[in-house]
Amino acid sequence: MIRILDRPLLHFGLAAATVLALPLLLRSGTLASEILIYALAVAACNLLLGYTGLLSFGQGIFFGLGSYVAGLLLLRTPLPVPAMLIVALLAGAATAAAVGWLSIRRQGVYFVMLTLAFSQMFYFLAYTFSGLTGGDNGLLDVPRPALAGVPLSDPWSYYAYVAVLFLGLFAALQRVALSTFGRTLLAIRDNEARARAIGFPVRAFKVAAFAISGAVTAVAGALHAMLIGVAPLSNIEYHTSETLLIMTIIGGSANLFASVLGAAAYLVAGDLLSAIWPRWLLLLGLILIVIALFLQRGLWGLIERATALVSRRPVSEDSAPDRPALPAEEPQP
Amino acid sequence: MTYLFQILNGVGLGMLYFLLAVGLSIIFGLLQFVNFAHGAFYLLGAYLAYEMVERGASFWAALPLAALAVGLLAGLTEAVLLRRIYKQPHTFHILVTVGLALVVQEFVIIVWGPIGGNLPAPEALSGVVILGDFVYPEYRLFVIVFTAALAAALWWLLESTRLGAIVRAGSESPENMALLGYDTLRINTAVFALGAGLAGLAGALAAPIRGVEPFMGVEALSIAFVVVVIGGMGSYAGALAAGLVVGIAQSLMATLWPEGARLVIYLGMAGIIVAMPRGLFGRA
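Chains A and B, in that order, give the protein sequences.
Numbering of the first sequence is given in my numbering, commencing with residue 1 and proceeding in unit increments.
Numbering of the second sequence is given in my numbering, commencing with residue 1001 and proceeding in unit increments.
Rather than coming from a laboratory, the hints here were simulated on the basis of the structure.
Do not rely on the hints blindly, as some may be mistaken.
Stated by the list, open to error - Here are the computed lysine to any residue pairs in the SDA-like style, where the Cα-Cα straight-line distance is at most 20 Å: (1) B:Lys1087 <-> A:Gln107; (2) B:Lys1087 <-> A:Val290; (3) B:Lys1087 <-> A:Leu293; (4) B:Lys1087 <-> B:Met1177; (5) B:Lys1087 <-> A:Leu295; (6) B:Lys1087 <-> A:Asn191; (7) B:Lys1087 <-> A:Asp190.
Next up, chain B with everything else stripped away, as it sits in the complex:
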């Protein structure tokens, strides 16, 4: 029964990892841009939600507002700074976004201090659900349901809407899209903002579970990379499957071998790379 509990925990964790990784993946797919600042957007989302709730806002308002604010800020950064270096080698993409991540992290420490804090789960979800033999926190259940709905919406957005078609076509051939008269600059900004906003949302959703602290971004970034490496870059299904695998594995390990939980994730990744260099769903 404890295993079932841990698996459920892992699903919640995995869905958060999916949100993180899918943003990174979409941005890379369209822009061929490696965003090392992705963890910083996650960090910022968590702290913005934390600040709003501290100042008396309801969690339900803070959640979308934090994601929106992170998305807007990321869109602005893309339009002012990042688009200048798309044509440069990856080294400079990494340098700029590492710089950006440092700026955000230090900014967070200046404003909120180095210690971190706790964001309580909203009143309505602070209880537990009794499922047969065991109890489960309502908030974690909410995270699973909410992110699942969001994943479905995102799937619909990418597969069945005009924007999704543009994004997918842009990933294949940005030149053709520009020739067809699409304003690729605006599309790039929108997609970057969307991906970063999802990371911000993941941060805000994770805050009541793990608290907020200034170095949560670095950890999130490397987890997102692991998910993308395992799942295959640019693959929605890959991000979902790998996010869940990583989340569930981490949760199960938390009961079996708590100290080694993180280690097992990375060892598993190394194993998958040896067996399947392109990841589970990788095409390229």
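With the rest of the complex left out, here is chain A:
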């Protein structure tokens, strides 16, 4: 039986409610757009971490790539925004498939180290080929052209545009997670050897998961460049990969809405705290340690506990098929 908290429709409803609530709760349209953009990238990261059991330190590659695609195409070609986003999507998918294909040659910790090393590689690629990427300065003055006559220059009108794309892509990611393909990813996460023995092409599935994740992340990166008007070098840095992963784990990997929660909590807390104390990352470090020790299911786990307390039912720790838990330990070779 699927418990209420595990229903995908509820998660989509919560995502839609977030889209409606942000303009009421936040004064800054830029921050609101940023939350949705990061939420997309974090949900994509969760597809790998929560559903496939792949902890990728390379998500910044695809985010940064999307930013550069947006910068280059909007600055140098007359391509309209939707076409640019499709190019970003395809570029993200292709790059992620390549990075994924190389990284899954190793498992467990080695895989994690490889994704991190690749993220450094792409950072230095962007840094070295400064003619294309602007190097340290990034690509400046990325425009935000009007869409079918409607200008997007106002923060809240851009938010509306981002919100539509966010809901569409969130629903698409949910479809992927609920499909036979998504179920197979869960099977691979829980027992890779068995999935392979049954006859699933495990590596092809992992590469496909990477491609989907990279595609969505690149779109998020492109939207981010349009938001801040720059395609900065920092978007492809190790730091971006780390931030996306931290947001994913803070939210919890139980479902895709948990990722929206993680992104929103991180960015709102960062916005409030950095105004008070520029070194708030120290606090974040401590929070990560606390989460690893006491709150391993993240903020979503907190909600689960709270509802269990209200309904006076204990949280069952067994993992129903609809309920991706944390990635299982990969066997050490």
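For chain A, the structure is supplied; the task is to place chain B on it using the hints.
This is chain B only, laid out in the frame that chain A set:
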């Protein structure tokens, strides 16, 4: 001749990379623990040496003291915090150590500021050596000789001493070691402190060459990962060979294509992964 000079430079750099990577590798071998805070220990070692020299201590005292302090701090962290999560999935090892690395990095910025600084090479080594046609900084020569001696000592420690035997046996089967009556908790702490201390030492040794700045830890961590990926995790010889290869390649590229020096390292790593997924010396 410039190539010879760059190769010598690369050997020095490579030996520092070896020190970094071998600590990471030993810790992983024994504890199956991924230490994303390894770069933070390198960072801390560099800053502690910098602070001591700034306050008038001699570099020769600062070097071992910085390494020792980092080792002690790491041992304490292991005993209080890290050992609680060994049995958890790798995700949480990474989360805790990423958190730890953030705490250390922000602490460094709070105490020493975001800009960084320069640690001069010790007086006795501030000159240059004239080797045939070219001149070479004495300090860099010292780094090569010192780290080579240290590498030999470490080899002896791991291969020929009781502690080394315990570490190697513990890597194979911690349960059997516990059954034989060894206090595995204490061994774990000691090995973690040793690995982190080596990273701290590498940081202190690197400080006069590259200066100190708060983000040097992140770069060191990814270089250590590259070395371990290329050399094969848990392999002493692999860490040494890969450290040298990476160091020399980076130095040679610095004359051939300076902007692309770092890029070539990572491209080379990708190439090796395609050709040899287990790394040069990897067993597993």
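**Request:** Compare the distance between the alpha carbons of Lys1087 of chain B and Gln107 of chain A with 20 Å, and conclude whether the hinted pair is satisfied.
**Result:** Holds. Lys1087 of chain B to Gln107 of chain A sits at ~18 Å (cutoff 20 Å).
**Request:** Assess, step by step, whether the Cα of Lys1087 of chain B is no farther than 20 Å from the Cα of Val290 of chain A, and give holds or violated.
**Result:** holds, 16 Å
**Message:** Tell me if the straight-line CA distance from Lys1087 of chain B to Asn191 of chain A falls inside 20 Å.
**Reply:** holds, 18 Å
**Hint consistency between Lys1087 of chain B and Leu295 of chain A [alpha-carbon to alpha-carbon, up to 20 Å]** = holds, 16 Å
**Item:** Straight-line alpha-carbon gap Lys1087 of chain B to Asp190 of chain A, limit 20 Å
**Value:** holds, 17 Å
**Request:** Assess, step by step, whether the Cα of Lys1087 of chain B is no farther than 20 Å from the Cα of Leu293 of chain A, and give holds or violated.
**Result:** OK: Lys1087 of chain B and Leu293 of chain A at ~12 Å, within 20 Å.
**Prompt:** Is the hinted pair Lys1087 of chain B and Met1177 of chain B satisfied, with a Cα-Cα distance of at most 20 Å?
**Reply:** holds, 17 Å
Checked against the numbered hints given earlier, this structure breaks none of them.
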